[in-house]
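> One-letter residues, chain by chain:
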Amino acid sequence: MVSFDIVAEAGEARRGQLRINDRTLETPHLFPVINFYGGGNEGALFGGGVHRTVKEFLTHDNEITGGEDYSDLFRGVMTSISSLADYGIREKKLDWYLGNEIREWDCFSDYNGMIFADSGGYKILKQGGLEGQDFEKDIDQDKALDIQLALGPDIVVNLDHPIHPDDEFEERIEKMEQTAANAARFAERRDEVDGACYLTVHGYYEAMLERSFDLIEDELSEPIPEAFDGIALGSLVPRKDNVEILVEAVSDCKREMQQRGYEDLPLHVLGISGNAMPLLVAVGADTFDSASYLHQAINGKYCVNLFETVPIDEANFDSCECRVCNDDFHRARMRNEMEDLYQKDILGSVAAHNLAVQQRELRKFRQLIAEGDKERVAEYLEEAVKDQKGFRKFAYQLINERINPYFEEIDTTYA
Amino acid sequence: MHKTPQVNEVNEFIEIASDFEDPLEVIREALSNSYDANATQVDINIEQDDEGRNTLVIKDNGHGMDEDDLSSFFDLGNSNKNDAIGYKGHGTKIYYKSDKVRVETVKDGTRIESVMNQPWAKLNNRELPTYSIDTTDVDEPSRTRIEVHGFRAGQGFDPKQLTYNKIEHYIKWKTIGGSTAWYFNDDFHEMEIKVELSPSIDDTQDPIETDNRLKFPAENLDPDGEFVAEEMCKHYPPQELTVTLDDSRELTVEVVGMVGGKEARNKLPTYGKHSAQFGIWLAKDHIKVERYNDAIGADNEFFHFFFIANCQGLELSANREKIRNKSGDVYQAITDELDRFMTKVCQDSWYQNYIERRKLEDKKRSIQSQESTLEERLQRTRDEGGLSPSNPAEVIAALERYSANGAPETVRIADFQMDDEVNAILETDNGFENAALHVKLSDFFEEEAALSHIDRLICWKLGDLDALTKIERSSYLGEPIRFDFQSREVHYGGDTKRTIPILELADSVSS
Ligand SMILES: [Zn+2]
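These protein sequences, in sequence, are chains A and B.
Just so you know, we're using the working numbering here: the first sequence kicks off at 36 and counts up by one.
Just so you know, we're using the working numbering here: the second sequence kicks off at 713 and counts up by one.
Keep in mind the hints are simulated off the structure, nothing from the lab.
Possibly wrong hints are sitting among the right ones.
[To be verified] Here are the simulated distance ranges between beta carbons:
{"no.": "1", "chain 1": "B", "residue 1": "933", "chain 2": "A", "residue 2": "353", "range": "34 to 44 angstroms"}
{"no.": "2", "chain 1": "A", "residue 1": "261", "chain 2": "B", "residue 2": "1205", "range": "25 to 35 angstroms"}
{"no.": "3", "chain 1": "A", "residue 1": "254", "chain 2": "B", "residue 2": "1220", "range": "23 to 33 angstroms"}
{"no.": "4", "chain 1": "B", "residue 1": "1158", "chain 2": "A", "residue 2": "343", "range": "27 to 37 angstroms"}
{"no.": "5", "chain 1": "B", "residue 1": "1041", "chain 2": "A", "residue 2": "161", "range": "48 to 58 angstroms"}
{"no.": "6", "chain 1": "B", "residue 1": "1205", "chain 2": "A", "residue 2": "121", "range": "50 to 60 angstroms"}
{"no.": "7", "chain 1": "A", "residue 1": "340", "chain 2": "B", "residue 2": "933", "range": "31 to 41 angstroms"}
{"no.": "8", "chain 1": "B", "residue 1": "1080", "chain 2": "A", "residue 2": "279", "range": "31 to 41 angstroms"}
{"no.": "9", "chain 1": "A", "residue 1": "175", "chain 2": "B", "residue 2": "1048", "range": "37 to 47 angstroms"}
{"no.": "10", "chain 1": "B", "residue 1": "1201", "chain 2": "A", "residue 2": "121", "range": "51 to 61 angstroms"}
{"no.": "11", "chain 1": "A", "residue 1": "343", "chain 2": "B", "residue 2": "933", "range": "35 to 45 angstroms"}
All figures in this text were calculated on a predicted structure; none of them were measured in a lab.
Ideal Cβ positions, reconstructed from N, Cα and C, are used throughout, including at glycine.
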């Protein structure tokens, strides 16, 4: 049972409720990327360094959370099948990992959030498959789905062939055709999925997206909304630092969905988070996923807000409102003031903080959309980017063109 | 024991008077003082006698001066006008650089006549000049008349360099005469200003008659015609921006401005090099001080803009030429807020449209000039009976093969110029044709090359069809365009439609 209900709108931004079986997610929402399998065994939450610490937050391990409940940071998470082989595991171990669904392991049995199982198209295609210490597996759509389903996911997505901005036209078409063929095969196995099926589309602007949708529709034997529960827009990661292109892609995808009558489907943006999120929500994106919170921590960076990071030892924890920073236990950890701390424990707290910063912004945004006042949305965006010189140009452009024109309503008769 | 630093009063006077180098600053001081005195009319006369000596006469109908006011007028740093424009009380010391200052002023039925003789000569003799005071009761409205005889400034006050144009520009750009206060209504009162030069200085024009309101050229949002961008003009009405400092003090920045093409901007009272005059101005007392063109960023050219951002939090040097507190947080906060505001202006749809239109019109102009050079090239090509290819681009080689392989028609390159938009002249069965020859057709269109004089498009491959479709949807150089990939044609234009055939070589050559 999958449903997506729009409960409020402000301009093109929307707030929704995504229900999959008995789990509900308020959107817009960020799915943090989690690596459930890090080469280890169940007793150690399957290991994975900082990934493990994050899992300890997710499973509410008192020793790492200091007794606090941080599960709201993980209402929905993204995990990729390509990460299964991240630690050079042996084939026997992979089979063992896939022997139980994630929630069937004792250690994850209390986790009650949604699991979005990504096909890992980008990574798998780059490596040519799944590669461990003693095995190499070619991955096609069927094998990808088999592995996804073995995880016990709430959302699955077809194996896609992401395009690249530098692709020649022919190369791009070929990838889109392969993605479309995969989508068709995926749709044939729809009944095996006890949850939501998402369809990936690719493109940076309307003409490309139109082609992507056309190719998929040509391959499918039924209309997209009957085969799929959501749309996932991919291939944006190489362009993650160009917010203008991101906004155009999401906004054009949204328009394409409207024109085809798919506007009731949730739109997920693959691999993007951080400072672009508010703008993408403003043009209608519903969910996101990203590992940036974790990578920032691993690189020793503490998020001051969506735009700025500082080295951990320069962070001012007192000026952060998040629960991680307001907890003496975590502050002591992040300051490296405790005995025998592992690096992964310090960075784990930082990662949780980084994630909290992003989740907090989306929570604010959900409240704003609930008020249904697009002027407030514009104000919020404007305030958020006020000190971001390069960025605010695009934010102001978006506000001016899509939400609230800056100079049109002003009375020009004066003194 | 405490000691008070000693002030050498004579030197102080000399230094302050010497701070003022530009003779026009006399006019600025006079206008500010008259405005502070609530005058509604001020007349300035500048005369020159046969021996080159200058006399300035400044008359206003302000509230006049009593003896205390006169002390402030003559004394150093003794002004009681705290919120007034000449608040330092230094401005009037510029009059000391003269042979004689005579003040005649009426306030509350008392007339004072005051004369200071040889102030400059005395100061240079290490002597403080004195002034006389004669008081009489009169029955007439208040007023002030200041005469400055034998005035000199900087390298000597050379009135020959003065013209009405220069003075009017100065009044509107550097004095209360160019005030933007009236847009904001705060304590503004109107003042008529008249400046007359003796005919020996400038007899080319009538005296200047203006007021103390800086006005923008009329709005012209969407003029008719083919080349109109230069006339376009939009006002950005007065806005008060509030800036909060770290210590939670609040400042107000009052911004008003316009965006416009050259014709529009030329209607502003400017003189000399225009590029030095447009852009974003920081102002105090609503008088422009310095430009801060950084506010519009590198993507935009400052000369489209004329904005004045007034903030009383700015502190100026004594001669008002520079902002003194540039390194402080006040300046930082003001300019940050101005950056944000100007970013919004730059994202305004009208502005974007204006820039787009300018670009298009520039393009059209270059097409018109292209026409004549193309004509010449064509003539030359005809005269010489067709040249062999001068540029061994692969596409040309392909074209040769295409023609040699029994193609339906013979197409040969008669002339090729690498960087021209119309880079090829073809010799075909039907005579000469202008062509654009590219490896990928989509490259040609992504470069926004003009189609006007192109009879045919030649490419190795069409290239990125999505990119072409994107162009098709957003219009091309302001005109509708349609790509017919099936029949290899481009349909271009609105009212006058053209069809341009595409010759795609890849398939026909390789098969
Ligand atoms: Zn925090």
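> So, for every hint listed, does it hold in this structure?
Evaluation of the provided hints:
Against the hinted window of 34 to 44 angstroms, the Cβ-Cβ separation of residue 933 of chain B and residue 353 of chain A comes to about 51 angstroms, which falls outside the hint. Between residue 261 of chain A and residue 1205 of chain B the CB atoms are about 43 angstroms apart, so this pair departs from the stated range of 25 to 35 angstroms. Taken as a hint, the range 23 to 33 angstroms holds for the pair residue 254 of chain A and residue 1220 of chain B, whose Cβ atoms sit roughly 32 angstroms apart. A beta carbon spacing of about 35 angstroms between residue 1158 of chain B and residue 343 of chain A agrees with the range 27 to 37 angstroms that was offered as a hint.
Evaluation of the 48 to 58 angstroms hint for residue 1041 of chain B and residue 161 of chain A yields a pass: the beta carbon distance comes to about 49 angstroms. Under the hint 50 to 60 angstroms, the C-beta atoms of residue 1205 of chain B and residue 121 of chain A, about 57 angstroms apart, fit the expected range. The given range of 31 to 41 angstroms is respected by residue 340 of chain A and residue 933 of chain B, whose C-beta atoms sit roughly 39 angstroms from each other. For the hinted restraint 31 to 41 angstroms between residue 1080 of chain B and residue 279 of chain A, the CB-CB distance of approximately 33 angstroms keeps it satisfied.
Taking the beta carbon of each, residue 175 of chain A and residue 1048 of chain B are about 54 angstroms apart, not inside 37 to 47 angstroms as hinted. Range check, residue 1201 of chain B to residue 121 of chain A: about 53 angstroms between beta-carbon atoms, so the 51 to 61 angstroms window is met. For residue 343 of chain A paired with residue 933 of chain B, a C-beta distance near 40 angstroms keeps the hint of 35 to 45 angstroms intact.
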